[in-house]
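Asks: Sequence:
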Amino acid sequence: MASSTSSTNKVTLKLLIDTMNEKVLFAEASKAVIDFLFNLLRLPVGTVVKLLNKNGMVGSIGNLYNSVETLSDHYMEQDQTKEAFFRQTIPMPTTWEVEEICSIDAETAV
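Each residue of the sequence shown is one higher than the last, beginning at 1 in our numbering.
To be clear, the hints were calculated from the coordinates, so they are not data collected in a lab.
One should not assume that every hint holds.
[Unchecked claim] In silico EDC-like links for lysine to aspartate or glutamate, alpha-carbon gap of 20 Å or less:
no., residue 1, residue 2
1, K82, E69
2, K10, D35
3, K10, E22
4, K14, E28
5, K14, D35
[What the hints assert, rightly or not] Cβ-Cβ distance ranges computed for the label pairs, FRET-style:
no., residue 1, residue 2, range
6, Q78, I17, 47 to 55 Å
7, L25, D79, 47 to 55 Å
8, V11, L71, 38 to 46 Å
9, E69, N39, 35 to 43 Å
10, E77, E28, 44 to 52 Å
11, N66, E22, 53 to 61 Å
12, I17, L51, 49 to 57 Å
13, L16, D73, 26 to 34 Å
14, M20, S72, 20 to 28 Å
All C-beta atoms in this analysis are idealised placements derived from N, C-alpha and C, irrespective of residue type, glycine included.
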């Protein structure tokens with residue numbers, strides 16, 4: 001039987017919060033948290049609204065989404081459909097893309 005070494009991602013987030021002004025002063029996060037946030041930023045807005053709408057946490061973006069959803073096809077361009085807007089594919093980042101975005105040049109780092 002092979003040894004069972006678990007290589008799970010540990011999700012950690014440390015925050016320093018100014019409770020008087022209700023602001024985050026400093027945040028430290030694990031790679032798993034950063035990867036999760038970058039993946040959220042890559043989602044099309046329509047997909048995000050659709051996911052959040054199930055829990056009723058949307059607001060004005062949800063109103064915009066519903067307006068487009070109920071928009072008459074008469075107002076769409078001939079080669080465009082509402083379905084294309086609502087069924088966008090979600091691009092998944094490669095490791096080098098995330099590392100490239102997060103990299104710091106050693107010479108310019110203070």
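Asks: Evaluate each hint against the coordinates.
Replies: Structure-based check of each hint:
1. K82 with E69: Holds. K82 to E69 sits at ~7 Å (cutoff 20 Å).
2. K10 with D35: Cα-Cα ~12 Å, so holds.
3. K10 with E22: violated, 27 Å
4. K14 with E28: With Cα atoms ~5 Å apart, K14 and E28 stay inside 20 Å; holds.
5. K14 with D35: holds, 16 Å
6. Q78 with I17: 47 to 55 Å: Given range 47 to 55 Å: holds, Cβ gap about 52 Å.
7. L25 with D79: 47 to 55 Å: holds, 50 Å
8. V11 with L71: 38 to 46 Å: For L71 against V11, whose Cβ atoms are near 39 Å apart, the range 38 to 46 Å holds.
9. E69 with N39: 35 to 43 Å: violated, 25 Å
10. E77 with E28: 44 to 52 Å: Holds: the Cβ-Cβ distance is about 47 Å, inside 44 to 52 Å.
11. N66 with E22: 53 to 61 Å: violated, 31 Å
12. I17 with L51: 49 to 57 Å: violated, 27 Å
13. L16 with D73: 26 to 34 Å: Since the Cβ atoms of L16 and D73 sit about 51 Å apart, the hinted range of 26 to 34 Å is violated.
14. M20 with S72: 20 to 28 Å: violated, 50 Å
When held up to the earlier numbered hints, the structure conflicts with 3, 9, 11, 12, 13 and 14 and fits the remainder.
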